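> Here are the chains, one letter per residue:
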Amino acid sequence: MLHTFVAYVEDLPGVLTRVASLFRRLNININSLTVGRSERAGLSRLTLVCEASAEAGHRIRASLFKLENVVDVDDIAQAPSVTRELALIKVGANRTTRSAIFELVEVFRARIVDLTAESLMIEMTGVESKIEGLIQVLNESESPILEICRSGKMTMRRGHHTSSVLRAMGTGEDDPAGLDNPDGQPLETLDDRVASEPE
Amino acid sequence: MGTNANTQASNAHLTTPTRLTGAEIVWATLVGEGVTDVFGYPGGAILPVYDALRKFPIHHTLVRHEQGASHMADGYSRASGKVGVCIATSGPGATNLVTGIATAMLDSIPIVCITGNVSSKILGTDAFQEVDITGITLPVTKHNFLINRTEDIAPAIRYAFQIAKSARPGPVLVDITKDAQQGTAIFDFAAAKPRPVRPHPMRKIEVSGLDHAAEMIRNSKRPVILAGHGIIESGAMEQVRTLAERAQIPIALTLLGLGAVPASHPLNLGMMGMHGESWVNHAIQEADLLIACGMRFDDRVTGTTATYATKAKKIHIDVDPSEINKNIKVDQPLIGDLREVLEELLPRISGRDGVAWLKTIDTLKGASAVRDIKNLPDLGHLYAAHVIHDIWRITGGNAIVVTDVGQHQMWEAQYYHHEQPRTLITSGGLGTMGFALPAAIGAKFACPDKEVWVIVGDGGFQMTSSELSTIAQEKIKINIAIINNGYLGMVRQWQEFFYERNYESTPLVSPDFVKLADAHGIAGLTVRTRAEVESAVNQARSTPGAFLLNFMVEKEESVYPMIPVGAALHEMIRRPGNDPLLESPDDK
Numbered sequence: 001m002l003h004t005f006v007a008y009v010e011d012l013p014g015v016l017t018r019v020a021s022l023f024r025r026l027n028i029n030i031n032s033l034t035v036g037r038s039e040r041a042g043l044s045r046l047t048l049v050c051e052a053s054a055e056a057g058h059r060i061r062a063s064l065f066k067l068e069n070v071v072d073v074d075d076i077a078q079a080p081s082v083t084r085e086l087a088l089i090k091v092g093a094n095r096t097t098r099s100a101i102f103e104l105v106e107v108f109r110a111r112i113v114d115l116t117a118e119s120l121m122i123e124m125t126g127v128e129s130k131i132e133g134l135i136q137v138l139n140e141s142e143s144p145i146l147e148i149c150r151s152g153k154m155t156m157r158r159g160h161h162t163s164s165v166l167r168a169m170g171t172g173e174d175d176p177a178g179l180d181n182p183d184g185q186p187l188e189t190l191d192d193r194v195a196s197e198p199e
Numbered sequence: 001m002g003t004n005a006n007t008q009a010s011n012a013h014l015t016t017p018t019r020l021t022g023a024e025i026v027w028a029t030l031v032g033e034g035v036t037d038v039f040g041y042p043g044g045a046i047l048p049v050y051d052a053l054r055k056f057p058i059h060h061t062l063v064r065h066e067q068g069a070s071h072m073a074d075g076y077s078r079a080s081g082k083v084g085v086c087i088a089t090s091g092p093g094a095t096n097l098v099t100g101i102a103t104a105m106l107d108s109i110p111i112v113c114i115t116g117n118v119s120s121k122i123l124g125t126d127a128f129q130e131v132d133i134t135g136i137t138l139p140v141t142k143h144n145f146l147i148n149r150t151e152d153i154a155p156a157i158r159y160a161f162q163i164a165k166s167a168r169p170g171p172v173l174v175d176i177t178k179d180a181q182q183g184t185a186i187f188d189f190a191a192a193k194p195r196p197v198r199p200h201p202m203r204k205i206e207v208s209g210l211d212h213a214a215e216m217i218r219n220s221k222r223p224v225i226l227a228g229h230g231i232i233e234s235g236a237m238e239q240v241r242t243l244a245e246r247a248q249i250p251i252a253l254t255l256l257g258l259g260a261v262p263a264s265h266p267l268n269l270g271m272m273g274m275h276g277e278s279w280v281n282h283a284i285q286e287a288d289l290l291i292a293c294g295m296r297f298d299d300r301v302t303g304t305t306a307t308y309a310t311k312a313k314k315i316h317i318d319v320d321p322s323e324i325n326k327n328i329k330v331d332q333p334l335i336g337d338l339r340e341v342l343e344e345l346l347p348r349i350s351g352r353d354g355v356a357w358l359k360t361i362d363t364l365k366g367a368s369a370v371r372d373i374k375n376l377p378d379l380g381h382l383y384a385a386h387v388i389h390d391i392w393r394i395t396g397g398n399a400i401v402v403t404d405v406g407q408h409q410m411w412e413a414q415y416y417h418h419e420q421p422r423t424l425i426t427s428g429g430l431g432t433m434g435f436a437l438p439a440a441i442g443a444k445f446a447c448p449d450k451e452v453w454v455i456v457g458d459g460g461f462q463m464t465s466s467e468l469s470t471i472a473q474e475k476i477k478i479n480i481a482i483i484n485n486g487y488l489g490m491v492r493q494w495q496e497f498f499y500e501r502n503y504e505s506t507p508l509v510s511p512d513f514v515k516l517a518d519a520h521g522i523a524g525l526t527v528r529t530r531a532e533v534e535s536a537v538n539q540a541r542s543t544p545g546a547f548l549l550n551f552m553v554e555k556e557e558s559v560y561p562m563i564p565v566g567a568a569l570h571e572m573i574r575r576p577g578n579d580p581l582l583e584s585p586d587d588k
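From first to last, the protein sequence lines stand for chains A and B.
Here the numbering used here is used: the first residue of the first sequence is 1, the next is one more, and so on.
Here the numbering used here is used: the first residue of the second sequence is 1, the next is one more, and so on.
Wrong hints could be hidden among the right ones.
As the list claims (entries may be wrong) - Listed below are the simulated SDA-like cross-link pairs for lysine to any residue, each with C-alpha atoms no more than 25 Å apart in a straight line:
#  : chain 1 : residue 1 : chain 2 : residue 2
1  : B       : 326       : A       : 65
2  : A       : 66        : B       : 184
3  : B       : 193       : A       : 43
4  : B       : 329       : A       : 17
5  : B       : 326       : A       : 53
6  : A       : 66        : B       : 210
7  : B       : 329       : A       : 56
8  : B       : 555       : B       : 516
9  : B       : 165       : A       : 104
10 : B       : 326       : A       : 43
11 : B       : 193       : A       : 71
12 : B       : 204       : A       : 67
13 : A       : 66        : B       : 195
14 : B       : 313       : A       : 2
15 : B       : 82        : B       : 138
16 : B       : 165       : A       : 77
17 : B       : 204       : A       : 68
18 : A       : 66        : B       : 162
19 : A       : 66        : B       : 106
20 : B       : 204       : A       : 10
21 : B       : 555       : B       : 511
22 : B       : 329       : A       : 10
23 : B       : 475       : B       : 62
24 : B       : 204       : A       : 75
25 : B       : 193       : A       : 10
26 : B       : 165       : A       : 68
27 : B       : 221       : B       : 242
28 : B       : 204       : A       : 56
29 : B       : 165       : A       : 69
30 : A       : 66        : A       : 2
31 : B       : 326       : A       : 58
32 : A       : 66        : B       : 167
To be verified - Anything over 12 Å on all C-beta distances counts as not near chain B; from chain A, calculated:
#  : residue
33 : 22
34 : 39
35 : 80
36 : 84
37 : 92
38 : 95
Derived from the structure by calculation, the hints contain no laboratory data.
Since this is a predicted model, take the numbers as computed values, not measurements.
Heads up, the beta-carbon is just placed ideally off N, CA and C, and yes, glycines get one too.
Use the sequences and the hints to build the structure in full.
In structure tokens form, the structure reads like this:
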């Protein structure tokens, strides 16, 4: 199953290697990894997505905590959360093919952030499936994709959870009674519903 | 030994902030952490530190190979419970430490390794003797530091000590660039204190778990305590014993758990696992409850996990949350320091009638329970089992025994009965040949008043035999028993059982070990028959200096019983025939 770990780590040289090395040692491929500053001084927040067995989640989280530079770890698992990814896509397009791209960008609620005579750059934020969708449509269009740059996933739990609350929640197990997600809908659907609302 | 002419240096800098060089800060911090002995080898990138040594009350043992330094720090720690310290230079000096660091990592031994590195200005330029030792040791240390500023040295070393000994102990490496050693900074020992240990949030003792565990113990008919190394590291000997006695639960030990419960204790069944006694493994397979105390269900104690103790519910008490459900799925984890958990659990435990189960185990022992190797008729053969049994008898079981890895290690575990913790020092997890001799030197420095025996094979001895020079230079008293069978014995045994006796690359030509010892100024004796064993051991013990005994034992003897890799715990290879060595009654 897909695991999403959110961790607060000390902002020091080599910390990312220590985190990545843990997954290397377990022979687990990291699907996506984003790191950046957090609301806590001196701490970076990372979101790491990987494929591993359901039982492995507990052990990975326990092992991440053992790293001296790791301060907090949350295993999002299936808990209600918002996941986003940022993509920059450069497309080859001239005066005549450009307008078709503009239409697509409108439909996907993306933005044009750069425009030259031969190319344009699209910025898009959303869930993975939405970005994949835009890429697929672009691939089927006349305009060739020249470059894709994707940030990888960033995840945050829904609701009023500060990072210290996350820590107190501790186990990172699935929402036991489905209280936050009474319909038991897959999260992607929930995300899509929100994402399709005007921002 | 242990004396140092330079002890007059004042320790004022420990209480008053003082400007010191980085090199001086290294030693001052170690003194502040209570270090009295270090093991190391100088070289270019660590020379400033060595230059400052004479000002500080620390004894430095010059090793002959840096692997010896890390094993000595390890042996020092295992014997004393304190943090062992080793020092090496950059590049090859640092990489030579790695096997010893990994050995300490696998067995959760607290050591601090200090390495020099090239100056920070040329770091990363492939300078002479430069190596990325923090990168190399990342997976075999609990944590490591690359320090390139003088003012960071004291906080890093103090933090390293805290990490090494907190929670599940382990090795920590501090790599210090040469310019950081040469620079100066204000040394303030108190201010360099690390922040308090950040507790692992999954390490909490829950009342519901304790209640459930107590109920499981109360309801069990056939419980077994699995006693591991964590008992010794946590200092929970008394608590485990109380649990066993109060609820009448028999105890099986791991290799590294030997000594945690006295061998003579009536509830102590002995060692479990690959070369454990048959009744111990049978008891585990028959049990309806296993209480794992500070052990990690290593593959050497479980056999194949699919068939392991299928009838038993499992309680797992461990300080490391990542050990829970790693190898064996357990029913009730109790995550925390073993002693603290047991102190919470014990008030919930009341008397239990264990007679029927203990009687069943006694029956399991059957004819193989007792073996009289003392009374075996002398047919001119010398068995390693005899030698080790005699050393046990003559030393009264009171020596610190340091073993290497292989057949002799298993025979030691079977025939030397340890009554006290920290009296068996052996590389269990990594299985590092060459460990014994240097680790014994470390143990002797930790416990100068204790009798220290090395039990080592002819193969492993030659991996680190250069440390004989260290013994000679330091003039320390260690007794060395080489179990010499002319083979890499355990590998040969596997070839015998699993590779159709194709003894490829296991026969071993060795030097005359007695002459080798003599060349180092160390006395020695070769022993070929059982009749000579007692007087030889006595001669070794009564000789003031180190002594080497070269026991020429039976060449193709195997360790029994044995669980083949991939087999279930109860599917043991037993000694063929009715060999009285293992099968005769009345061994007391």
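> Work down the list of hints and note, for each, if the structure agrees.
Taking the hints in turn, this is what the structure says about them:
1. 326/B <-> 65/A: Holds - the C-alpha atoms of residue 65/A and residue 326/B are around 16 Å apart, at most 25 Å.
2. 66/A <-> 184/B: violated (33 Å)
3. 193/B <-> 43/A: Holds - the C-alpha atoms of residue 43/A and residue 193/B are around 21 Å apart, at most 25 Å.
4. 329/B <-> 17/A: Outside the cut-off at roughly 30 Å; violated.
5. 326/B <-> 53/A: Given that 25 Å is the threshold and the Cα spacing comes to 12 Å, the pair holds.
6. 66/A <-> 210/B: Measuring from Cα to Cα gives roughly 24 Å; hence the hint holds.
7. 329/B <-> 56/A: This hinted pair holds, its Cα atoms lying about 12 Å apart.
8. 555/B <-> 516/B: Judged against 25 Å, a Cα distance of about 21 Å means the pair holds.
9. 165/B <-> 104/A: violated (60 Å)
10. 326/B <-> 43/A: violated (30 Å)
11. 193/B <-> 71/A: holds (19 Å)
12. 204/B <-> 67/A: holds (18 Å)
13. 66/A <-> 195/B: Judged against 25 Å, a Cα distance of about 16 Å means the pair holds.
14. 313/B <-> 2/A: Given pair residue 313/B, residue 2/A is violated - Cα atoms ~30 Å apart, limit 25 Å.
15. 82/B <-> 138/B: Distance of about 23 Å is within 25 Å: holds.
16. 165/B <-> 77/A: violated (33 Å)
17. 204/B <-> 68/A: Within the cut-off at roughly 18 Å; holds.
18. 66/A <-> 162/B: Distance ~14 Å between residue 66/A and residue 162/B Cα, so the pair holds.
19. 66/A <-> 106/B: Satisfied, since the Cα-Cα distance of roughly 15 Å is no more than 25 Å.
20. 204/B <-> 10/A: This hinted pair holds, its Cα atoms lying about 24 Å apart.
21. 555/B <-> 511/B: holds (17 Å)
22. 329/B <-> 10/A: It is violated: about 33 Å lies between the C-alpha atoms, which goes past 25 Å.
23. 475/B <-> 62/B: Holds: residue 475/B and residue 62/B sit about 12 Å apart, inside 25 Å.
24. 204/B <-> 75/A: holds (18 Å)
25. 193/B <-> 10/A: With a Cα-Cα distance of about 19 Å, the restraint between residue 193/B and residue 10/A holds, given a limit of 25 Å.
26. 165/B <-> 68/A: Roughly 13 Å separates the two Cα atoms, so the pair holds.
27. 221/B <-> 242/B: holds (19 Å)
28. 204/B <-> 56/A: holds (20 Å)
29. 165/B <-> 69/A: holds (17 Å)
30. 66/A <-> 2/A: Distance ~22 Å between residue 66/A and residue 2/A Cα, so the pair holds.
31. 326/B <-> 58/A: This hinted pair holds, its Cα atoms lying about 10 Å apart.
32. 66/A <-> 167/B: holds (10 Å)
33. 22: violated (9 Å)
34. 39: Holds, because the least Cβ-Cβ distance between residue 39/A and chain B comes to about 19 Å, which exceeds 12 Å.
35. 80: About 21 Å separates residue 80/A from the closest Cβ of chain B, which puts it past 12 Å; holds.
36. 84: Label holds. Min Cβ-Cβ 27 Å, cutoff 12 Å.
37. 92: Nearest chain B Cβ is 40 Å from residue 92/A, so the label holds.
38. 95: holds (49 Å)
Checked against the numbered hints listed earlier, the structure breaks hints 2, 4, 9, 10, 14, 16, 22 and 33; every other hint is satisfied.
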